[in-house]
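*Asks:* Next come the chains, spelled out residue by residue.
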Amino acid sequence: MATFKSLHDCVAENLSDGDVAAFEGFTHLIPHAAGHEAIRQGRKDLTLIRMTPDVIYDQMIGMGLVKKVIFSYAGNPGVGLLRRMRDAIENGWPRAIETVEHSHAAMANAYEAGASGLPCAIFRGYRGAELARVNPDIKSVTCPFTGEELAAIPAHRPDVAFIHAQKASRRGDVLIEGIIGVQKEVALAAKRVVVTVEEVVEDFDGIHPNLCVLPHWTVTAIAVVPGGAHPSYTHGYYARDNAAYLEWDRISADRELFTAWMKANVLEVGPDVFAERVKDL
Amino acid sequence: MATPDFTPNEMMTIAAARALKNDDVCFVGIGAPSAACNVARLTHAPDITLIYESGTIGTRPDVLPLSIGDGELCETALTTVSVPEMFRYWLQGGRISIGFLGAAQLDRFGNINTTVIGPYDKPKVRLPGGGGAPEIATSCQEVFITLKQAKRSMVEKIDFYTSFGHGEGGDHRRRLGITTKGPTRLITDLAIWLPDPETKEFTVVSLHPGVSRDMVQETCGWTVRFAESLEETPPPTELELGTLRDLQARTEKAHGGSKTKSAAPAGASAGA
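Read top to bottom, the protein sequences are chains A and B. Residue numbering for the first sequence follows the UniProt record's numbering, beginning at 1 and increasing consecutively. Residue numbering for the second sequence follows the UniProt record's numbering, beginning at 1 and increasing consecutively.
None of these hints come from the bench; they were simulated from the model. Treat the numbers as computed from the prediction; the structure is a model and nothing was measured. For each residue, glycine too, the CB sits at the ideal point set by N, CA and C.
Using C-beta positions, here's what the derived DEER-type ranges look like:
hint : chain 1 : residue 1 : chain 2 : residue 2 : range
1    : A       : His208    : B       : Asp196    : 48 to 58 Å
2    : A       : Asp249    : B       : Lys148    : 13 to 23 Å
3    : A       : Val134    : B       : Met215    : 35 to 45 Å
4    : A       : Val134    : B       : Tyr89     : 26 to 36 Å
5    : B       : Arg250    : A       : Gly236    : 21 to 31 Å
6    : B       : Glu252    : A       : Ser116    : 42 to 52 Å
Sample of chain A residues with no beta-carbon within 10 Å of chain B, all distances over it, derived:
hint : residue
7    : Phe4
8    : Asp9
9    : Ser16
10   : Asp45
11   : Pro94
12   : Asp137
13   : Ala155
14   : Arg157
15   : Leu175
16   : Asp203
17   : Val213
Under the rule of at most 25 Å between Cα atoms (straight-line distance), these lysine-lysine pairs were calculated in the BS3-like manner:
hint : chain 1 : residue 1 : chain 2 : residue 2
18   : A       : Lys68     : A       : Lys191
19   : A       : Lys44     : A       : Lys263
20   : B       : Lys253    : A       : Lys279
21   : A       : Lys67     : A       : Lys139
22   : A       : Lys67     : B       : Lys124
23   : A       : Lys191    : A       : Lys5
24   : B       : Lys122    : A       : Lys67
25   : A       : Lys68     : B       : Lys124
26   : B       : Lys122    : A       : Lys139
27   : B       : Lys122    : A       : Lys68
28   : A       : Lys44     : A       : Lys5
29   : A       : Lys44     : A       : Lys67
Generate the whole structure from the sequences, applying the supplied hints.
*Replies:* So this is what it looks like as C-alpha cells:
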C-alpha cells in the first residue's frame, strides 16, 4: 500500500547498503532527485540495474556508491561517453566496478520477465554478437515446437525500483504518460517501489483511461518532488534540459570539478532545488 | 544553377537520406542517421515512418533530438509504445525495413563495434555499448551504416562484435540462422559502398564529388575494392542542402544555451 513520505524517508526506508536497485527512466522521467538522495545518504555497495545508465548513474558511480552495474548502453545520449563510469572501469576511481552488459532488447525482456514472475526471459537476440561470450548470464534455449535456438537471460528482480511519474492520486495510484520506457515493468519486477511525482491530485477521474497506471497496492512509497527528473524531463511539465547534458560532459571530465559540483549541487542541497531548476524549462 | 559548396559530412548525410524510400519503416540511430532520416522525410520521402528505440513510432521532429527520447519525438509521433513492446512486437516482430546504424569500428563485412577498444576485460577505451544495435542488426530487413572515414574506425579486424554484419562474409549470416539481409549499404563522407553479392565485402561503387580513390584508401584500414564502373555521387541539391542546414540550425538553437540552474563550483562556469 503506497504511503506518502518525504524523499529522505522514502530512500532511508527502502534502499540499504548492498541492495540491487534500479533507478529507471528511458531518457524521460529519470528519477534524479531520488538518486541524489541516495548519494546524500551515503549508500554503499549497490548493484545498479538500468538500460541507459546516464548522468545519474555517472554521479552515483563517481561518488563511490556502486559495486556493480547491469546495463545495455552506458553513454550520455547524443553527447558522448559517461566519463565517471569509464574512470571507474578503466582506472578503478573512486573504486573498481563490475559490469554485466546486455543489449536493450535483453534488458527490456528481463524487466518484463521480472514483472511476469518468470525466472528468465526468452527472445531472438544476440545472434552473431560477442556479448554472449563475455556475459555468462546470456544462455540459449531451444524452442520445443520449432527447434529454433533463442537467447535466454535471467529476469530482473531488483530489491527496489525508483521511478519518477507525472501524478499520484491521494490514494497512491500512479499515472505515467509520454515515453513510458520500462517504468511499469521495473516497478512490477521489484520487491519495493518508490515513486517520485510532480504532483498529487484527488483522483484520475476524467483523465484518459489508458494512461499507464500503477495501482496504489503495487507501490511502496511516494514522495512529491516537483522537477524531480531534471535534467531529464516530465512530459506535460517541463522539457529535457539538453544543455545540462552537454554541460555534464565538461563537468564529469575532471575528477576535481566533478567532486566540487557534487558537493555544491547534491551534498549541500535538498530535493527542493529541483523545482527551482525546472522553473524556466 | 551553380552547385552549392558543401562539406564531406553534409554529402554523407544527404547521400544517406537519398537511400531511404517513402514507404520505408526505419529504426533510427542518433547522430548522422537521425539527420539523414529527417532530411529524407523533409525532402523526397514525406511519408517515411521513423521509429526511435524510446518507443516513438511515426515521429516527425522539427529539430533533431539530442537523445533517442527527447520530448519532441513523442509529441510529434503517431503513437508511443513501451520499450519492451518496441523491441518485441515491432523490431523482433519483423515490422521494420531499415535499421540505420553508426559505428566506432567497422570492418569490410559490415560488422560493428561500439563496445570497447582493446580487450573487453581491460579496455583501452570503454565505449557506450550496444544499446538496441545487436538486435537492430539482425531483426531489421536491411541495415544501412554511416561512418566518417578514418583508419582507426575502418579496421581490418574490429576489437569486439557488438552488432553482427556479414561475419566472415559469404553466407555467414544464413549459417547462424539469421534470415534478414544485414548491411546492404555503407555511406561514408567520401563514398558509397555496397556489399559484393557473393563475398559480402563492402565495395566502393560511387565516389563523392572531388574524392579520389587514393583519398578513400588512405582513410581506410583495409585494402579497398572499387567497382569496375565507379560512379560519382551527384552533389547535394540546393533543396537538400538547405533542408539539412535549416534542420541543424533549428537544432543548434534548441539545444544550445544552458538553462541549468545548478550552482557553479568555485572556478567553474557550470550554468553559464
